[in-house]
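Chemist: Chain residues, written in single-letter form:
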Amino acid sequence: MRFFGYGALQGLMVTLKYMFRKPFTTQYPEERITTSPRFRGNNFVWYEERCTGCSTCAKACPLGIIRIVTHPESHPQVGSDYQIDVFDIDTGRCMFCALCVEACPYDALHMGGDFEKSEYERENLVISVDQLRESPKKPQTQFRPQLEAIDYSGEDELDEHEAGRWSL
Amino acid sequence: MQIEVLGLFLSEQTVSHVMMAIKIFVLINILLIITTMLTYAERRIVARMQNRIGPNRVGPFGVLQGFADLVKLVTKEDLIPSNADKIIFSLAPIMIMAPALMMFAVMPFSPNLVLADLDIGIFYVIAIASLGSLGVFAAGWASNSKYSLYGAVRGVAQLISYEIPLVLSVTAVVLLAGSLNLQDIVGAQKLPFIFVQPLAFVITLFAVAAELNRTPFDLNEADSEIVAGFHTEYSGTKFALIYGTEFLAAFGWSLVIALLFLGGWNPSFGGLFFLMIKTGSILFLFFWFRGTWPRVRIDQILAIAWKLMFPIATVNILITGAQILFVQQVFGIFPGEALSIQALSVISVMNIGLFVLLLFILPFNKGLSEFENQMRVHQKGIE
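Residue numbers (this note's numbering), protein chains in the order written: chain Y, 1 to 168; chain P, 1 to 383.
Just so you know, the hints here were simulated from the structure itself, not pulled from any lab data. Please note that a few of the clues may not be correct.
Here are the simulated SDA-like pairs of lysine to any residue, each with C-alpha atoms no more than 20 Å apart in a straight line [as the list claims (entries may be wrong)]: (1) Y:17 <-> P:288; (2) P:190 <-> P:333; (3) Y:22 <-> P:62.
Bound conformation, chain Y alone (with noise of 0.2 Å):
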């Protein structure tokens, strides 16, 4: 049996059965929220160990924003290998595709969980090899199957060994 106004009454019993919900906002710079472990953030992480300075990287950048200079260092035992002089990613005009992090054969270049990189500079968005180097080892499983495979969060620190798939 519908009576007049009922349908201006269900309208007013919804927005008050919301009223008493949880509000759904996130209170930003105290809470934050969890992000998915494929997450590509505005960061890369770098294993130096895995790096064999082959460029691969750079080669498959859509827009050729990774620069690397490198020198081959002799090595007794082993061969020749090169040392990494300049890493540097342009964060600033980067598109987060990571197809630089598919490129990557020996799993060196992973992408990271960051969000909250905001600089007043372009230039200061150029993440520099020392910037890499010192950076959390916090990979995410963008193009990193092997993570997945564990279970992986994205949230814990791996190291050299833990991140990719062949042995050094």
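Keeping the supplied structure of chain Y fixed, place chain P upon it in accordance with the hints.
Modeler: What follows is chain P alone, placed relative to chain Y:
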């Protein structure tokens, strides 16, 4: 004691004038603080209805948000559009604010807490409150802006339509109380008039929503259609006055409804504290409507007022008059004597029955269903 000290230097009349000025000063300041808090309350309540939190940064739980907004508005540059009528543009916010403050002169907060105990209290309130529309039209006209003029014209067009049902539904209450004095009306409520006159309560509620430019009748500011309606061009202190008046008038009218229908300060239903709780409940209703309902079109508000509320309110007066005559005969109450609680209960049972009956009859009303069909056709056209 202070009066005695003053009396040493001044005549008795001057002392009473000074005391009245002090009372008015205190009342206006309390009202303005309440207004500021209400802006916070509305944002907070509507936010919760939309699954948000609302302002919670300034002070504990954000209660000082209104004051922060006020400081922001008052320190802003006083902008006047170059093509505006400068004198009227500056006068309009005062013309809007003053009637809302003047309403409170006759509001009885308790048996003694009243500035002027007028015999025509409710008449004064309705008369003064409609003056605000003059300020609205002045603001819209003087702004020399299309959106402002749209808002102002809508406000004036809507004015006549909601004022009549409002006055007619209040008349039913006045008939029951036998007086226009707000104190007498409160005193006559041995049973709160919301139970005796449920229909008049609903009509008053919606007419007041139109009077206050609140959803679903906020046509003259209609922020999704005409920017901000009549106060599009206003900023700074003038905007603060206009924006504050909306909440001040909302508080005033909620107080009037609490006095007319919810028993007011009547000691059988609590004193001043409970009066404030009742006022708050009515205000919450308005915030609730704001969080729920969409805005009606101008032709719809005219149709609701003229085709629905006006005839029903008129018939309601007729029925109330007949009921009063009936209970006077049955209970042996002399004309002019206050109705006893038994008499009110009898009228209450009748009117609640009639109200429920009306709710179930209205969907069969041909004119109304035609109106609904038109709306459906209109909606289909949009889809």
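Chemist: If a hint holds in the structure, say so; if it does not, say that too.
Modeler: Hint check:
1. A distance of roughly 12 Å separates the Cα atoms of residue 17 of chain Y and residue 288 of chain P; the hinted pair therefore holds under the 20 Å criterion.
2. Taking the CA atoms of residue 190 of chain P and residue 333 of chain P, the gap is about 15 Å. The hint holds against a cut of 20 Å.
3. Using a Cα cut-off of 20 Å, the hinted pair residue 22 of chain Y and residue 62 of chain P holds, with the two alpha carbons roughly 18 Å apart.
Every hint from the earlier list agrees with this structure, and none is contradicted.
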